[in-house]
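Going line by line, the protein sequences match chains A and B.
For the first sequence, our numbering gives the first residue as 46, with consecutive numbering after it.
For the second sequence, our numbering gives the first residue as 46, with consecutive numbering after it.
Just so you know, the hints here were simulated from the structure itself, not pulled from any lab data.
Where hints are given, some of them may not hold.
[Claimed, not checked] Covered stretches of chain B (chain A as the covering partner; in silico rule of three or more C-beta atoms under 8 Å from a C-beta of chain A): (1) 154-160; (2) 206-220.
[Unchecked claim] Partial pick of chain B residues on the chain A-facing surface, computed with a CB cut under 7 Å: (3) G69; (4) G72; (5) I75; (6) I169; (7) D200; (8) T227; (9) V228; (10) N231; (11) A235.
Predicted model only: the values in this text are computed from it and were never measured.
Note that beta-carbon positions come from the ideal geometry of N, C-alpha and C, so glycine has one too.
Protein chains: 2
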Amino acid sequence: MARPRGFCEEEALDKALDLFWRHGYEGASIAALTEAMGINRPSMYATFGNKEELFRKALDRYVSIKNAIFEKALAEPTGRDVVRHLLRKAAEMMTEPGHPVGCLAVQGAISCSDESEPVRQELIRIRRGHEQQIRDRFAEEQAAGRLPPGTNPEDLAMLLATIANGMSIQASTGATREQLLTVAENASRAWPQTETAVTDTAAAE
Amino acid sequence: MARPRGFCEEEALDKALDLFWRHGYEGASIAALTEAMGINRPSMYATFGNKEELFRKALDRYVSIKNAIFEKALAEPTGRDVVRHLLRKAAEMMTEPGHPVGCLAVQGAISCSDESEPVRQELIRIRRGHEQQIRDRFAEEQAAGRLPPGTNPEDLAMLLATIANGMSIQASTGATREQLLTVAENASRAWPQTETAVTDTAAAE
DNA sequence: TTAGTTATGTACCAATCGGTATATAACTTA
DNA sequence: TAAGTTATATACCGATTGGTACATAACTAA
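Given these sequences and hints, build the entire structure.
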C-alpha cells in the first residue's frame, strides 16, 4: 500500500543462500548475512522473519534446483543410467563455479549446537527424502525385472546416497570437478549389471 | 612441586573429544566443554591452552585410534581385503555405542565461520592424509601386479575415501550399524577384482 | 498537498562467545 | 609447622550472538 521494498527479495535470498552454503547455518551470522544481502537487519527481519526462517527459505530455493536435477535423472531408462546421471550431475553441481563447493543439505548443519537442532533435523529430512526418491526408482527397476536377483533396491539406494554424500565431503576437501567426475564414473561402472546374474556369496565370513 | 592437579588430564580430554565429536568445533562452547570435563575454565586454560589447542589435543587422541585401525587394514594381503576391512571398521567405528556417530575428521568443522578456518584446514589435512595412505597401499598392489590393467590406484583411493566419508554423513542422518555394514559389504563386492584370477579359478565377472 | 502506511537506519537489548585477573584454597617440601 | 608453589573458584572482560524499539524517510492513495 505504501512505500515499496527497496530490494529484490529473491536476489537477497540468493545472497543468503550463498553464505549459508559457504559457512553453514551457524557459521553465517546475521551481520554477515545482511551485509551480503545488501540490506540492514530490520529489513531482513521484517521480510523473512528470523534467521531460521531465512535459512529455510534459502533452502527451499536450493532444494527446488536440486529437485529439477533429480527429476531428470530418475527419468533415465535403466537403473544404471539413473546412477550415472545422478552422480555426474552431483559432481557438477558440487563444483559449480560461482557457487560454494559441496552440498548444502550435507554441509549446512552437519554438527552444531543444540539450539540449531531443528535446522539439523530439517536437513536430515531432506537427505532422507532424496534417498527415498532413489529407493522408489530402484524398486521400479526391480519390479520391472531389471535388477539382478538378490539385489536389494534399498541397499542400492543407500549405497548411492552414501557416495553422493561422500562427494560433498570430497568437494569440501578440495577435490576438483574432474576428480569427482572420475569418482562418479568409477562408481557407476561398479554398479550391478542387469545381465550380471551373479550368485557370488563368497563374502560369507 | 606443589598442589597436584585435581583431575585426570586424559579423562578430561576424552570428555572434550566426546563433545567436539558430537557438536563440532564451533558447536561445542567452552562452558559446555568445561562442564562436561568436570573442571572450570581457568583449569582448562591452564592445562590445555585455549579452545583450539584443546580441540587439537582431543583430535590427536581420535586420530591415533583411527591410525591403529588403518594400520591393521592396510596390512591385509590384497587390495580387496583392505577395502573390505577398512569399510567394515569404518562402519563399526562410526556407530560405536558410547560414542557420537560419524567421523570427527569429517564432521568436526565441515563448514564454519572464518575464525575457525585453521581448524577446518587441519581436518582437511587429516582427511587427505588418510586418503594418501590408501593411495600408497593401492600403488603397492599395482606394483605387485595385483590390480586389473587400466586401473588407477589414485582413483580407487578416492572412491574408497568418498564412500567412507559418505558413511559418516549417513551415520549422522541416522543410519544404523547394520545399514552401514551393508553399505560396506556392497561397496566391497563392487570393487574391481584383483586376485580372483589367481586364488579362485571361478567366474571372471 | 496531505494523510496514512510502510520501509529503512540508528542505536540498542540481554545473552553468550572465548578468554582472564585475582584472590583463595590445597598441596609439597624444607 | 612454616614457606613456597600451584590449582581452583569467582567474577569479570570486551566482542559478538540473534533480535528489536524507535524515530525518520519514502512512498501511495485520497
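Hint check results:
1. 154-160: It holds: at least three residues are needed, and the region 154-160 of chain B offers 5 whose Cβ sits within less than 8 Å of chain A.
2. 206-220: holds (count 14)
3. G69: Holds - the Cβ of G69 (chain B) comes within 7 Å of chain A, reaching about 3 Å at its closest.
4. G72: Constraint on G72 (chain B) satisfied, holds at 4 Å.
5. I75: This interface hint is violated because 12 Å lies over the 7 Å limit.
6. I169: holds, 5 Å
7. D200: Status holds, d = 5 Å.
8. T227: For T227 (chain B), the interface hint holds, since the closest Cβ of chain A sits about 5 Å away, which is under 7 Å.
9. V228: holds, 5 Å
10. N231: holds, 5 Å
11. A235: Holds - the Cβ of A235 (chain B) comes within 7 Å of chain A, reaching about 4 Å at its closest.
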